[in-house]
Amino acid sequence: MRRLTGVVGVAAGLALLLSSCGDGKSSGGSGDAGSKSEVIGIAADPLEYINPLNDNGTAGIGVSMAIFAPLVTTDPETGKLQNVMADSVTPDQNSQTWTIKLKPGNTFQNGQALTAKDYVDSWNLTAEGSNGWKNNGFFSKVEGYDAMNPPAPDGATPKPTSVKALSGLKQVDNLTFTVKLKVPFSQFGLTLQYYGLAPLPEEVRKNPDAYKRKPIGNGPYKLAADWNAGDDLKLTKWDGYKGPTIPQADQITYRFIPNADTAYNEFLAGNLDFVDVPSTKVKSFKTDAPDQWVTSVSSGANYLVIPAWDARFKNPKLRYAISAAIDRKAFADLVGLSEPAKGLIAPDIAGYRDDACKYCDFDAAKAKQLLQEAGGFSGVLNINYNTTSATGQIYAEAIGNMLRQNLGVQVKYTGKQGSEITELADTRKLDGLRFSGWGHDYPSIEDYLTPMFKSNGDANFAGYANPALDALLAKGDAEPDPDKAIAVYQQAEDIALEDLPLIPLYTKSNAYLHSAKIAPRVSKYVGVSALWATFK
Amino acid sequence: MLRRVLAAVPIGVIVTLGVFALVFAMPGDPLRELAGDKPIPAAVLAAKRAQYHLDDPFIVQYLLSMKDILTGHFGTTFAGADIADQLRLRIPVTLKLASMGLVFQWIAGLLFGLYAGFRRNGTVDRMLLLATLVVLAVPGLVLYFTGQYLLGVELKWLPVSGIRDGWPLSYLLPAVCIGITGFAGLARLTRTSIVDTANADFVKTARAKGLGEQRILWRHVLPNALLPVVTLMGIDLAGIFGGAVLAESIFNLPGLGQFMFQAIKLKEGGVVVLLSTLAFLMFIVINLIVDVVYGAIDPRVRNV
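Protein chains in written order, with this note's numbering: chain R, 1 to 536; chain Y, 1001 to 1304.
Derived by calculation from the structure, the hints in this document are not laboratory data. Accuracy of the hints is not assured; some may be wrong.
[As the list claims (entries may be wrong)] Cut-off 30 Å, straight-line C-alpha distance, at most; resulting in silico cross-link-like pairs (DSSO-like, lysine-lysine): (1) R/412 - Y/1265; (2) R/212 - R/170; (3) R/281 - R/329; (4) R/283 - Y/1265; (5) R/164 - R/101; (6) R/141 - Y/1048; (7) R/164 - Y/1048; (8) R/281 - Y/1156; (9) Y/1067 - R/212; (10) R/212 - Y/1048; (11) R/416 - Y/1048; (12) R/358 - R/329; (13) Y/1048 - R/206; (14) Y/1156 - R/286; (15) R/342 - R/80; (16) R/366 - R/342; (17) Y/1156 - R/283; (18) R/159 - Y/1067.
[Stated by the list, open to error] Cβ-to-Cβ under 8 Å is the rule here; a few derived chain R residues that face chain Y: (19) 45; (20) 132; (21) 133; (22) 136; (23) 149; (24) 257; (25) 258; (26) 417; (27) 422; (28) 458; (29) 459.
Treat the numbers as computed from the prediction; the structure is a model and nothing was measured. C-beta: ideal position from N, C-alpha, C; glycine also.
So that you can see chain R by itself, here it is in the shape it has in the complex (with noise of 0.2 Å):
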């Protein structure tokens, strides 16, 4: 037995050789008694960096949230624009050129003053199509946009260009800018509340990549410790913020763990404050921590999309059939947490109406009549689901056996990875339907019907194109008054809605938990924030 020992002490040996590097970290705990402090989990990938103008993600914006400031916010007992670090933002009489005036006495956490060219500067270098950030495209709206990125066809490099700032974007003074648009847009002052466009100091600027991993921002928490890549991130309260909500907690450490479940069994085991419910426990979590969660009003809409390049779905009446065939409350069930959806925009909008569709009733006589008048369909009908998401295959079989049993047609189900279900869509070859669903950067009707329904919008999961419903945007565009630019909105949903090139399908709200000793803010407007919560 002498050598069997050997191998097993020599397996044994490494491993304890190997202990002794150890990794030299002690629980993040839940603090003092004292001190107001949380560990929020997020179920995602660790950050990489910190830089919210190259960042659109859940979690790197949330981050943000914390360690920048907005120039303005929705507040979340009323719904109202609400200034941070802007003292007012105004529009010229069409809507196209905005002035905005910050607060005076703000600085970064660096010590560094707040002023207008830091925003400007900031902007112009994401706008800079060759720096690859992410939030590019905001500012695709601005004057001069096209001249720093030369549109090219797709698959070909863009020209090189030696233009480095937005023609659109005018320092005024110290604390003023200005923005002009390429065309009106009434909605600009709404998409100010993005945290992507938050300023960066002068020297974080000059060498971004230096400041990846110790950010300085300019909103009320900045990094409480060194952050290196596996850490988790420790926030804590910073004195210079001046902004009109400040949040309660004085030590906030977020949690990053990859596994949606894993994340929710540390909640469970005591050692997190929030987390957010994976879609596998929709069914359980109020049992499972019973006085412990809350829920969100709304989260963004879900549809099917029909295919605009697909001949066989060109007559309305068959996608007004498919429309109909669909029983909305059994998918919702299904689904959990879940409406039936009665327009194509989040309940929780301005501008959402509760009879705005008219073919999202389930009639299944009507169904099969509709498509008889539209003269059947001819071949197997084709439902796309992602893989990488746990519930793809499930939504799309039940949306199957409802088609398959109220219209009587052939069905079939291809799974396929979400980048792939969306290039294929983009090269308009993906065969079949698929499900998509769309959460506003902004609390807009604008910001459901531009992206989704809009020629070439950049959501435009269908190929839908419609020049009247195209004219009615321009129009909402350019009206500054909400309530009437809201009307206008309305009308080009009623075409959408005609035209049905996405199916709805459900509005689903988000459930969340949280330990005892806090209690979220939870906004009709806003959502659910542990950033913000109330500590008991």
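Given chain R's structure and the hints, the job is docking chain Y onto it.
Coordinates of chain Y only, in the frame set by chain R:
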């Protein structure tokens, strides 16, 4: 031995080229995968494609990757992570997890296998049969989450996930899980091998010559019975990297397996090839070790 190391070079080229080709052939655009459903402006896409050489022909991309690996200029992932940083963080995590998992797996496998082999058809033997059947039938995912829930969430004996509690506490639960899912094969092989050897002609001859039972066991049965077992243990060692992917993902351990998973998800050819090369080098080293151990157990193979 030098000859064998040299022979590994062309195999290494073929393996890395093959892995790179597989990643290259995967459907979908890595930059789109990174962006999710968000639209990416053409200018950003072009800048990123140029930065990561995504528009170069396959063989150029492969050679650039190999150059980076050989010169130690690892660069960053598509998500912006410094790859050298990641390796420094992740290699110790995976080594700790894998070695601890293997120790559990080997101890359990050998102990049960030896005992069941010598006392065949006894209670332990029957229990082992049942236990290995259960282990082979229950998916790892179920076992891992059940272990996490029972020992981490309900009983609070061990950390639920992460490495904040350091070694060995943070690694105990995932390593036990790896041990449980892996021990069955080794135990069954050890048992069968002992039974076969004990019934072999040369053992009968030894017994007929009047050798003592202890001497027969230690000098004749065990060395011969353990040869296939050592081979399997070598394969286990090389394969533990694959087993770590699941454990690291569920227990949120920032190891190489989790890194590999993210890289494959994002179709990040360079990282996948880098990690495959590491795994390949480990495989070569382990094979050499197995050969040395072989020689120690069985003098006949020493000069082969």
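The hints, checked one at a time:
{"no.": "1", "hint": "R/412 - Y/1265", "result": "holds, 25 Å"}
{"no.": "2", "hint": "R/212 - R/170", "result": "holds, 28 Å"}
{"no.": "3", "hint": "R/281 - R/329", "result": "holds, 20 Å"}
{"no.": "4", "hint": "R/283 - Y/1265", "result": "holds, 28 Å"}
{"no.": "5", "hint": "R/164 - R/101", "result": "holds, 24 Å"}
{"no.": "6", "hint": "R/141 - Y/1048", "result": "holds, 22 Å"}
{"no.": "7", "hint": "R/164 - Y/1048", "result": "holds, 18 Å"}
{"no.": "8", "hint": "R/281 - Y/1156", "result": "holds, 21 Å"}
{"no.": "9", "hint": "Y/1067 - R/212", "result": "holds, 26 Å"}
{"no.": "10", "hint": "R/212 - Y/1048", "result": "holds, 18 Å"}
{"no.": "11", "hint": "R/416 - Y/1048", "result": "holds, 24 Å"}
{"no.": "12", "hint": "R/358 - R/329", "result": "holds, 16 Å"}
{"no.": "13", "hint": "Y/1048 - R/206", "result": "holds, 20 Å"}
{"no.": "14", "hint": "Y/1156 - R/286", "result": "holds, 21 Å"}
{"no.": "15", "hint": "R/342 - R/80", "result": "holds, 25 Å"}
{"no.": "16", "hint": "R/366 - R/342", "result": "holds, 18 Å"}
{"no.": "17", "hint": "Y/1156 - R/283", "result": "holds, 24 Å"}
{"no.": "18", "hint": "R/159 - Y/1067", "result": "holds, 28 Å"}
{"no.": "19", "hint": "45", "result": "holds, 6 Å"}
{"no.": "20", "hint": "132", "result": "holds, 4 Å"}
{"no.": "21", "hint": "133", "result": "holds, 7 Å"}
{"no.": "22", "hint": "136", "result": "holds, 5 Å"}
{"no.": "23", "hint": "149", "result": "holds, 4 Å"}
{"no.": "24", "hint": "257", "result": "holds, 5 Å"}
{"no.": "25", "hint": "258", "result": "holds, 6 Å"}
{"no.": "26", "hint": "417", "result": "holds, 5 Å"}
{"no.": "27", "hint": "422", "result": "holds, 6 Å"}
{"no.": "28", "hint": "458", "result": "holds, 4 Å"}
{"no.": "29", "hint": "459", "result": "holds, 6 Å"}
Hint violations for this structure: none, all hints satisfied.
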